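*Asks:* We have chain D already, so just place chain U on it with the hints.
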Amino acid sequence: MYQEIFKKYRPTKDNLIYILHDIQDNDPHNYVSEEAVQSVSEYLKVPVNHIYGVLTFYTMYSTKPRGKNVIRLCESPPCFIKGCDNILNKLKETLGVESGETTTDGLFTLELCACLGLCGNAPVMMINDEFYGDLTEDKAETIINTIREERA
Amino acid sequence: MSKMININIDGKNIQVEEGKTIIEAASAAGINIPSLCYHQDIKPSAGCGICVVEIEGQPQPKRACCTPAYEGMIVRTNSVELRNLRKMLLELILEDHHVDCPTCIANNKCDLQDLAYIMGVKTEDQGVLQTKKPIDESSVSIVRDPNKCIQCGRCVTVCNDVQTVYALTTVNRGFEAEINTPFSKGMADSTCINCGQCVVFCPTAALTEKTHTDPVWEELLNPKKHLVIQAAPAVRATLGEEFGMEEGSLSVGKMYAAFRKLGFDAVFDTNFTADLTIMEEGTEFINRFKEGGTLPLITSCSPGWIKFMETFYPDLAENVSTCKSPQQMFGALVKTYYAEANNIDAKDIVSVSIMPCTAKKFEADRPEMTDSGYKDVDYVLTTREIARMIKEAGIDFAHLEDEKADDFMGIYTGAATIFGATGGVMEAALRSAYFLLTNENLPSLDIEAVRGMEGIKEAEVDIKGTKVKIAVAHSLGKARELMDKVRQQIKETGKSEYQFIEIMACPGGCVGGGGQPFQSNLAARARRGQALYKEDKDLKMRQSHENPAVAAVYEKFLESPGSKKAHKLLHTNYFQRDKMSGAVVKEATHKH
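For the record, the sequence lines run as chains D and U. Okay, so the first sequence: first residue is 1 according to this note's numbering, each after it adds one. Okay, so the second sequence: first residue is 1 according to this note's numbering, each after it adds one.
Be careful, since some hints might not be right.
Heads up, simulated BS3-like pairs for lysine-lysine below, C-alpha to C-alpha not over 30 Å straight-line [said to hold, decoys possible]:
#1 U:K579 / D:K45
#2 U:K185 / D:K64
#3 U:K491 / D:K45
#4 U:K133 / D:K64
#5 U:K485 / D:K45
#6 D:K45 / U:K495
#7 U:K579 / D:K64
#8 U:K132 / D:K64
Example chain D residues on the side facing chain U (calculated, C-beta under 8 Å, incomplete) [stated by the list, open to error]:
#9 Q38
#10 P47
#11 V48
#12 N49
#13 H50
#14 Y52
#15 T56
#16 F57
Now the in silico label distances, taken between C-beta atoms and shown as ranges [what the hints assert, rightly or not]:
#17 D:S99 / U:E18: 47 to 55 Å
#18 D:E98 / U:R173: 18 to 26 Å
#19 U:K122 / D:G100: 30 to 38 Å
Rather than coming from a laboratory, the hints here were simulated on the basis of the structure. In this text, all values refer to a predicted model and were calculated from it rather than measured experimentally. Glycine included, C-beta positions come from ideal geometry on N, C-alpha and C.
So here's chain D without its partners, still in its complex pose (with noise of 0.2 Å):
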């Protein structure tokens, strides 16, 4: 089933990221399995436990199913001052989740990341490829509520 997307790469090692975010991007649960893994590591004759390496390394990636809209709270002191754990605690309230975990509706998962390189707009977040800055409370749960609405 990852045929497709090996068509598009040369068996490298140096296509290895690459590879593992078409796989990411085109699941359904926004993630790489473990059968992902070894279609991939049987593709480049990479090693299973080094692509497991890679994937934990990078935070863009997951090794566990996530929502259809991950969503990407920057926590790196200039949105730490400029107050994102008050955002958090409203993102969490608003989800009824804790950071790493998937609504039970499986529409969103929250996770806390390094700089995204927006701090004149800080706090930050992204939600899929969408940047929002300048976050409130308010307007955090806004845009959670938008997108419940039209996504549902």
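*Replies:* Chain U alone, transformed into the frame defined by chain D:
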């Protein structure tokens, strides 16, 4: 020869080969730079920073383990700044280390403990950053305790680069980083083949054998049980180290005496079944060679190699000798041949084996190893475990009077003793195969071509005009190299250039096994091997077919090598295993 360069360490002028690191240069000149993650046999991970030195003209201290020496380099290995830096690094490591030295298996054998003691680091903060992580006890051979791990990376390097088993890796990063198996499923659910090289390379006790000393004590203290003990060839060359004897001390007589003092009812020797293995495997080789059977024949004594083969080379399973390992042959005979001959009910026998090996625990637990009608080998203890038992019993090992093993299954030849060193099984097999084929002894019983620490050794043996091409590999990385070649040759030409191959999973063979005293290196392993070759040289009988106890077991019980009964008790079959989990997928060969 490569170019020599001049450097100066601590005021001493040293000539060193270009490309060597500072720590290698220092070590060759007898200067000891404190280090922790560095190990001379594997490539440096440069993780801990303890080996920092000052280099004239360079603003920052550099790690001696990974900084190459250059012409004119001036190095200082000690200064107030370096001492403070090392102390601070050590304190940081200790803050995230579960400190329980008094009850720790590695107590007095721990690099971290040694350094902390020597450098006098303060102790009040030790372990303060600890978050208790779960201990991985899934494997029957090895326990992994991440709370004692200092993430030096030695285990990962040895598992991946030396053994090419790919079971361990560094998972996560930063403060959450730890050594684990893929998907953190545990050692039992990984490609781990239980060789235990991670255990002997670990500088602390983050990786240890799964210990069985308590149940063995219980059996020993139960008067209704009849306890039988066997000890592998390599144990006699290493057990003394645990009692302060020099590397390469042979302590076979003291070993038997200690076993009796512990309370074992029958003191036997795995060497006896090593000789028996040669008769079975030699016969198997001759049959295959004469009758056009599957060649090359590959040895099967090393249980780490067997699981490796089942996982990565199941297509070569037919090439592997059907012979059980000497441990399992012994187990099957103790509860049949020995029990019958001595009127002991097999169910009362507790069969204990002392092995240089952690994979032997896995082997003894394999479900098919019950041909006697019982579990053939009840408990497998490593060299380290039996040493702890001997100490617990208060036995002054180093001053014991030498004793002999009991004759029934305790007589052995020099051919059996060299099983413990890489190339030994091949040498033993060739001695007897030559005799069985020609009725004459080899012109020289010392087959130097298969001895020594070269990763892959090859030779051509002339058996009165018949040429036999052999190869010997030790460490699974070298085994992989050789097996890839064999596989390629079979694919391309239908047959391999080799007729007989010996594989040992551990570097150096069993003397370097995962159950041996902690933290050996290749040079020490070579010295242990030399002790075995010396015993071989000193023994009157040096060929397996000369062993009278082996002749007796055929005469009274097994009939002849390769007989139906011998096949039932002494031979086995292999499986294909999953490349992710190591679980059995299906049979790879059938038991005949």
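*Asks:* Against each hint, give a clear statement of whether it holds in the structure.
*Replies:* Okay, the hints, checked on the actual structure:
1. Restraint check for K579 of chain U and K45 of chain D: the C-alpha separation of about 12 Å stays at or below 30 Å, so the hint holds.
2. For the given pair, K185 of chain U sits about 13 Å from K64 of chain D by alpha-carbon distance, which is consistent with the 30 Å threshold.
3. For the suggested pair K491 of chain U and K45 of chain D, the alpha carbons sit about 20 Å apart, so the restraint of at most 30 Å is met.
4. Under the criterion of a C-alpha separation no larger than 30 Å, the hint pairing K133 of chain U with K64 of chain D is consistent with the structure, at around 20 Å.
5. Distance restraint check for K485 of chain U and K45 of chain D: the Cα-Cα separation of roughly 17 Å lies within the 30 Å cut-off, and the hinted pair is therefore satisfied.
6. For the given pair, K45 of chain D sits about 26 Å from K495 of chain U by alpha-carbon distance, which is consistent with the 30 Å threshold.
7. Straight-line distance between C-alpha atoms of K579 of chain U and K64 of chain D comes to about 21 Å, which keeps the hinted pair within the 30 Å bound.
8. Among the hinted pairs, K132 of chain U with K64 of chain D is consistent with the structure: their alpha-carbon atoms are about 23 Å apart, no more than 30 Å.
9. Given hint, Q38 of chain D at the interface with chain U, holds; its Cβ is 6 Å from that chain's nearest Cβ, closer than 8 Å.
10. Look at P47 of chain D: its Cβ gets to within about 4 Å of chain U, closer than 8 Å, so that hint holds up.
11. Annotation: interface hint on V48 of chain D holds; nearest CB of chain U at approximately 5 Å, less than 8 Å.
12. Because the closest C-beta pair between N49 of chain D and chain U is about 4 Å apart, less than 8 Å, the hint holds.
13. The interface hint given for H50 of chain D holds, since its Cβ lies 6 Å from the closest Cβ of chain U, which is under the 8 Å cut-off.
14. With 8 Å as the threshold, the beta carbon of Y52 of chain D comes within range of chain U, its nearest partner Cβ sitting at about 4 Å, so the hint holds.
15. Restraint check, T56 of chain D versus chain U: the minimum CB separation of about 5 Å is within 8 Å; hint holds.
16. The interface hint given for F57 of chain D is met, as the beta carbon of that residue sits about 5 Å from the closest beta carbon of chain U, less than 8 Å.
17. Look at S99 of chain D against E18 of chain U: about 52 Å separates their beta carbons, and that is inside 47 to 55 Å.
18. Here the CB-CB span from E98 of chain D to R173 of chain U is close to 21 Å, well matched to the stated 18 to 26 Å.
19. For the pair K122 of chain U and G100 of chain D, the supplied restraint of 30 to 38 Å holds, since their beta-carbon distance comes to about 36 Å.
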